[in-house]
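These are the residues of each chain, in order.
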Amino acid sequence: MLDASTLYGLLGIFLASLGLHATILQRDILRRILAINILGVGVFLVFIATAYNGPGVAPDAVPHALVLTGIVVAVAATALALALQRRLEMLRRESDDE
Amino acid sequence: MTPIILLDTLLAIILLVLAVVALHSENLRQSIFVFIVFGLVTALVWARLGAPDVALAEAAIGSGIAGALLLAALRDRQPGCEHIEPRPSWQVLTVTYLVIGVGLTASWAFLDAQASRSGPAIGEMVQAELAHSGVSNPVTAVLLNFRAYDTLLELAVLFAALIGVMALGPERSAPQAAGPLVSHFVAWLTPLLILAAGYLLWVGAHAPGGAFQAGALLAAGGIIVRLSGKSGIFPKGAWLRVLAASGYGVFLFVGLAVMAGDNAFLQYPSDWAGSLILLIEIFATLSIAASLLLVYLGGYPNAWMEDKESQHA
Amino acid sequence: MIDLLSIFLIAGGLFFYCAGTVGLLRLPDTLSRLHAVTKADNLGLGLLALGIALQIGDPLSAVKVLLIWLLVLAASAAGGQLIAQHVVEQKEETK
Amino acid sequence: MNEAMAFVIATPLLGAMVAAVFPRQSHWLGVLSLILNAVAVGLLLAFTLSQGKSTMVLGGWQEGLGIALHADALATLMLALTACVALAVSFYATGYFHNPRDAARFWPLWLLLVAALNGLFLAGDLFNLYVTLELLGLSAVALTALGGKRESIDAALRYLMVGLLGSLGYLAGVAILYTAFGTLDMQQVGDQVAVDPASETALVLMTGGLLLKTALFPLHFWLPAAHSNAPAPVSAALSALVVKAGFYLVLRLWTEVFPQAVPEQGALLLGVLGSMAILWGSWQALRAQRLKLLAAYSTVAQLGYLFVGLALLVITPAGAAHDLVFGAIVLMALTHGFAKSSLFLAIGVVQQHAGHDRIDHLDGTSQRLPATTFAIALAGVALIGLPPSGAFLGKWHLISTSINGGQWLLVLVMGIGSLLAAAYIFRVLGHAFGEAAFASRPVNNASAEWPALTLGIIATLGLGLGSAWVWPFLGGAA
Chain L
1 MLDASTLYGL LGIFLASLGL HATILQRDIL RRILAINILG VGVFLVFIAT
51 AYNGPGVAPD AVPHALVLTG IVVAVAATAL ALALQRRLEM LRRESDDE
Chain H
99 MTPIILLDTL LAIILLVLAV VALHSENLRQ SIFVFIVFGL VTALVWARLG
149 APDVALAEAA IGSGIAGALL LAALRDRQPG CEHIEPRPSW QVLTVTYLVI
199 GVGLTASWAF LDAQASRSGP AIGEMVQAEL AHSGVSNPVT AVLLNFRAYD
249 TLLELAVLFA ALIGVMALGP ERSAPQAAGP LVSHFVAWLT PLLILAAGYL
299 LWVGAHAPGG AFQAGALLAA GGIIVRLSGK SGIFPKGAWL RVLAASGYGV
349 FLFVGLAVMA GDNAFLQYPS DWAGSLILLI EIFATLSIAA SLLLVYLGGY
399 PNAWMEDKES QHA
Chain Y
412 MIDLLSIFLI AGGLFFYCAG TVGLLRLPDT LSRLHAVTKA DNLGLGLLAL
462 GIALQIGDPL SAVKVLLIWL LVLAASAAGG QLIAQHVVEQ KEETK
Chain W
507 MNEAMAFVIA TPLLGAMVAA VFPRQSHWLG VLSLILNAVA VGLLLAFTLS
557 QGKSTMVLGG WQEGLGIALH ADALATLMLA LTACVALAVS FYATGYFHNP
607 RDAARFWPLW LLLVAALNGL FLAGDLFNLY VTLELLGLSA VALTALGGKR
657 ESIDAALRYL MVGLLGSLGY LAGVAILYTA FGTLDMQQVG DQVAVDPASE
707 TALVLMTGGL LLKTALFPLH FWLPAAHSNA PAPVSAALSA LVVKAGFYLV
757 LRLWTEVFPQ AVPEQGALLL GVLGSMAILW GSWQALRAQR LKLLAAYSTV
807 AQLGYLFVGL ALLVITPAGA AHDLVFGAIV LMALTHGFAK SSLFLAIGVV
857 QQHAGHDRID HLDGTSQRLP ATTFAIALAG VALIGLPPSG AFLGKWHLIS
907 TSINGGQWLL VLVMGIGSLL AAAYIFRVLG HAFGEAAFAS RPVNNASAEW
957 PALTLGIIAT LGLGLGSAWV WPFLGGAA
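Residue numbers (the working numbering), protein chains in the order written: chain L, 1 to 98; chain H, 99 to 411; chain Y, 412 to 506; chain W, 507 to 984.
Please note: incorrect hints may appear among the correct ones.
What the hints assert, rightly or not - In silico EDC-like cross-links for lysine to aspartate or glutamate, where the CA-CA straight-line distance does not exceed 20 Å:
#1 K559/W - D97/L
#2 K655/W - E269/H
#3 K334/H - E222/H
#4 K655/W - D3/L
#5 K655/W - D97/L
#6 K655/W - D608/W
#7 K334/H - E269/H
Just so you know, the hints here were simulated from the structure itself, not pulled from any lab data.
The task is simple: from the sequences and hints, build the whole structure.
Next comes the structure, spelled out in structure tokens:
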């Protein structure tokens, strides 16, 4: 019998694989940023699945805290990546105008 | 088949479908909207797995703020630059097989790890020491006491991203003022959001919530205010700089100050732990909100310096 | 009795949700889709909230659920108006 | 020694904060906080030399619940390298970033990068390492983008994506380890690791992620663009320190956390990849048209030596020979850190004076910039591995261990690598000492030139002549 922890752990690995695949293969940078976010969610899901101890039992709080940290780090990285991309497009437009 | 497994399977399928659509939809705008929905469903999964703190953060940051960032990036994009040649099929095939291999190996390892799980997890130590941490929400205890150092560095990561974004050209121009209905709604919603953020911050000590969720909520309020064309109410100049840096600054000062009493770095005296954690969280909330709002601007914020320098930036 | 009322309200809420979703999928243009979704979903959520509020013993929490409904109402009014405004502007541009 | 450890991490973090809040004063605030950092590192090094390894569990909790910091010989040596290079780079940067706006961006990011490195070298916790890796990665990317040109931004963006992929790979490994062992503490994980699917897969995922970050061939594709398009002081830090951080973690993981689970084939693979990195990196450095690109490819090659050393370390059974190889690796890493930062800073001086860094047009540099040319020569001696540099001793021990173990292929690779390194260094020096078309007076710009020269002297003379104490220090603490 598949328990929730196993189901969601494997789902996390599946999502991470999908994200990894698209991160490597996509060309458009916005799509790659999106893909790497999904890869991150997949890894976080493994942590949260591990923390789950079954219904009615308090889950392990440590992975929850780790994932919270991970979410903030991910959004920081996303913001930096998008700003770099924005700058790149600005410079591209300038050089096209010349 | 218990009903809960049915629900789990359904959630898993929805999540997978959303991920595939977000990753491979032809239309980038659609991809981003589906990604935002993906974030919200992920938050449901966190709630289902007994992680309400993470669910709140995911909905506010992973889906909300990240979605706003992506949408803003999409709006900046000039039409016509999306034409990109597809990759040769040998590359696609190689990567696909490689990723399948990695995924299967990781699944096998995960199953093995679950089966062979040995010894008490540190989660049990958390429960045992919770009473000495100064708060009763175990996630807050881990974030701000047991593993406070991680959180300190994480605030530094956010700060690094902020300074990095600032070096990349001018900020996005503010949108023109929205219609009367929206302005009215924003005027009504903003105090409510501030109230909700304050509540989340305070409640984090003993129930789901805390600095990150509160900060993200404040930042979301800030983004809405900015989108409605009223940026005048935000702090400027030195105040803004202090605010952005205060998150890890206050944390660091507290961490060092407690060493005066012959303690380790970040070892709060147990009588003071609750108050010190609240102090750190207040500044973390404000600084997270300021940082997230500033990175949303996508470049050098005009408000960072109040003098001539900012005009050329 | 209360249970029965809850079931009735929640079922009604679900019905309106389904109607709204069908409208979203089947109607031809943005404005009419918006019309279907905002009306039907707001009513659906209201019924759901009422049904759930009846199940909560604690009156304070029940009020909270209804407050959530009010917030969503306000947000969807503002959001709907924004989308509609956008559509109108686009139409004027293409004219 | 808790205070010293806390200050090693706190001084650059505090410096970043005040430099951001007072942007006009950022130059001297930045230098001041790195001087204080160097003092803290000096205290820690002195303590570790006399007392051996020390440990602090943050928050005063028991290890496992709280995050542990360990200062052992290896960690303090890396901290000392970072502190010295950081000071030299900082003095150089005060003259490099004339524009106050650039300075206001550079200092907070640069101090956060140093804080991340210090945190990474001391960390004893797998998830904390992830956070330090991300802090390191994001600040390194943002610094690379300070170059401002389209190539710099392009390189920074690719650097960011690769870095994120690497750290998520690492994090996936941590997730599996936590599932299996329920702890994040490196020692506690190390006690439980065995030859089982969970440990082996975690090892592969974490090593793979780190190899991507540390640019081992063939995962080096992003490095030359990033390192050659960043501003000169940033290039120096990236090549000398940041890629070393990834190698340092692989070394720690393979020797302390996973020694039970490391398969022989893993060592073989690292040896092969390291050898190819030596040959390919040296060859590309020889063909490079620009000085900065040459230096960047030379980093690819030098990382190869470190991984060849690690492969030798894994297959050498514990004992005197094992300790010898370990010391040789550390010595080579330190020497490369000093030499490469010296080279990049010197190139920065050349570039600012000549307006370009094309190797074929450098004739006459030795007359205009004698001190800088001397620094390039000193760094070159260390990169080739000539005596009396520290790299000579390191390479000598690696080669003699290979001969004793019958690894003739490795001996051949290291020989060819040294010849290629000699060729690319002498190609640069040949042009630098060549006759210029226009006679020009020597320039004396001490503030820009002495940091490179000092680092070069430490790499060649300091570490070469003083290296005898590295082995007892490492051995005594191990």
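Hints, verified against the model:
At roughly 60 Å between alpha-carbon atoms, K559/W and D97/L are farther apart than 20 Å, so this suggested pair is violated. About 18 Å separates the Cα atoms of K655/W and E269/H, which keeps this hinted pair within 20 Å; it holds. At roughly 46 Å between alpha-carbon atoms, K334/H and E222/H are farther apart than 20 Å, so this suggested pair is violated. Distance restraint check for K655/W and D3/L: the Cα-Cα separation of roughly 53 Å exceeds the 20 Å cut-off, and the hinted pair is therefore not satisfied.
Distance restraint check for K655/W and D97/L: the Cα-Cα separation of roughly 16 Å lies within the 20 Å cut-off, and the hinted pair is therefore satisfied. Of the supplied pair hints, the one linking K655/W and D608/W holds, its CA atoms being roughly 14 Å apart against a limit of 20 Å. Between K334/H and E269/H the CA atoms are separated by roughly 14 Å; this keeps the pair inside 20 Å, and the hint holds.
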